[in-house]
Amino acid sequence: MVIPLYNEEAVIEQTYQRLKNVMEQLPLDYELLFVNDGSKDKTLALVQAISFADPHVKCLAFSRNFGHQVAITAGTDYASGDAVVIIDADLQDPPELIPEMVDKWQDGYDVVYAQRSKRDGETFFKKWSAKMFYRTLHKLTDVEIPVDTGDFRLMDRKVYTELKKLNEKNPFVRGLVSWLGFKQIAVEYERDARAAGETKYPLKKNAQTLHRWDYLFFSSAVEVSELRRCRFIWRWFQLHVNRAISSIIHKYDGKWLVFDDCYPVIV
1 MVIPLYNEEA VIEQTYQRLK NVMEQLPLDY ELLFVNDGSK DKTLALVQAI
51 SFADPHVKCL AFSRNFGHQV AITAGTDYAS GDAVVIIDAD LQDPPELIPE
101 MVDKWQDGYD VVYAQRSKRD GETFFKKWSA KMFYRTLHKL TDVEIPVDTG
151 DFRLMDRKVY TELKKLNEKN PFVRGLVSWL GFKQIAVEYE RDARAAGETK
201 YPLKKNAQTL HRWDYLFFSS AVEVSELRRC RFIWRWFQLH VNRAISSIIH
251 KYDGKWLVFD DCYPVIV
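Using the UniProt record's numbering, the letters of the sequence shown map in sequence onto residues 1 to 267.
Among the hints, a few may not be true.
[What the hints assert, rightly or not] Below are the DSSO-like pairs computed for lysine-lysine, each with C-alpha atoms no more than 27 Å apart in a straight line:
no. : residue 1 : residue 2
1   : K158      : K169
2   : K40       : K104
3   : K40       : K58
4   : K183      : K164
5   : K158      : K42
6   : K20       : K58
7   : K42       : K104
8   : K42       : K20
9   : K104      : K169
10  : K165      : K40
11  : K20       : K165
12  : K20       : K104
13  : K42       : K164
14  : K183      : K169
15  : K40       : K20
16  : K164      : K58
17  : K42       : K58
18  : K183      : K158
Worth flagging that the hints you see were computed from the coordinates, not collected in a lab.
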């Protein structure tokens, strides 16, 4: 199991206990691989203490913050099990869904992704921008990324082995997994609010990250000619959205922000 971490000291103990409780109910060997993405708080020290006490827990530590997607791929690069589960540490995605994912995997599915039927604890703008991101991406490419999904998923060994081979510099994991194909199925759930702390990938950071074309239109999945067409359409889309919401002041996550260069791509 791969769990990316960035400044999660407020929730890491609770996350570990819930993951451990779930995995101990399954008749499977398991490993919890926490990937510390350059946390500035006590996250790394807490994970190290847990790993000393529990042989099922391993930890990778970055020298600085490289980003959520890079943390995920670092974890899958080090994974060695018959399957790997990706889950964030904030507990918005319930670990208790993992047994159902395992059942689907044992039924013969190679990828089992969690699909949100409800999203608690998120602002209207974040929900709207996530919806627009997926719908727009569907129109721009031939890659069918399931809507209302994140990175919470189970992948068979053959899937994450192929993911390693792509060797993406700026990976977009859920897009790459969709592009790879294989037999995939969804399990639905209601997404909770964060158990503690604040979101570690806020509006501004997500916008800046996804603004990079080599990230949004991942090179392995889109042909060059299609990429050019996508860029043109996406810039047209940005222009009209920017005009619609420029000079509007939003109260976002308790702070007043002016979106003068806003990209509706929060995931």
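Proposed proximity, K169 with K104 (alpha carbon, max 27 Å): It is violated: about 31 Å lies between the C-alpha atoms, which goes past 27 Å.
Does K20 sit within 27 Å of K40, going by the straight-line distance between their CA atoms? Between K40 and K20 the Cα gap is close to 25 Å, so the pair holds against 27 Å.
If you draw a straight line from the CA of K40 to the CA of K104, is it 27 Å or shorter? violated, 38 Å
Taking 27 Å as the top limit, are the C-alpha atoms of K20 and K58 close enough? holds, 13 Å
With a cut-off of 27 Å on the C-alpha distance, tell me whether K42 and K58 pass. holds, 17 Å
Check the hint pairing K40 with K58 against an upper bound of 27 Å on the C-alpha distance. OK: K40 and K58 at ~19 Å, within 27 Å.
Within a Cα-Cα threshold of 27 Å, do K183 and K169 meet the stated pairing? holds, 26 Å
Can the restraint linking K20 and K104 be considered satisfied, given a maximum Cα separation of 27 Å? Given pair K20, K104 holds - Cα atoms ~20 Å apart, limit 27 Å.
Would the hint linking K158 and K42 be met if the CA-CA limit is 27 Å? violated, 35 Å
Distance restraint between K165 and K40, which requires alpha-carbon spacing of 27 Å or less: Given that 27 Å is the threshold and the Cα spacing comes to 31 Å, the pair is violated.
27 Å limit on alpha-carbon distance, applied to hinted pair K42 and K104: Violated, at about 36 Å.
Sort out whether K158 lies within 27 Å of K183, counting only the CA atoms. Holds. K183 to K158 sits at ~11 Å (cutoff 27 Å).
In the structure shown, a violation is registered for the earlier hints numbered 2, 5, 7, 9, 10, 11, 13, in ascending order.
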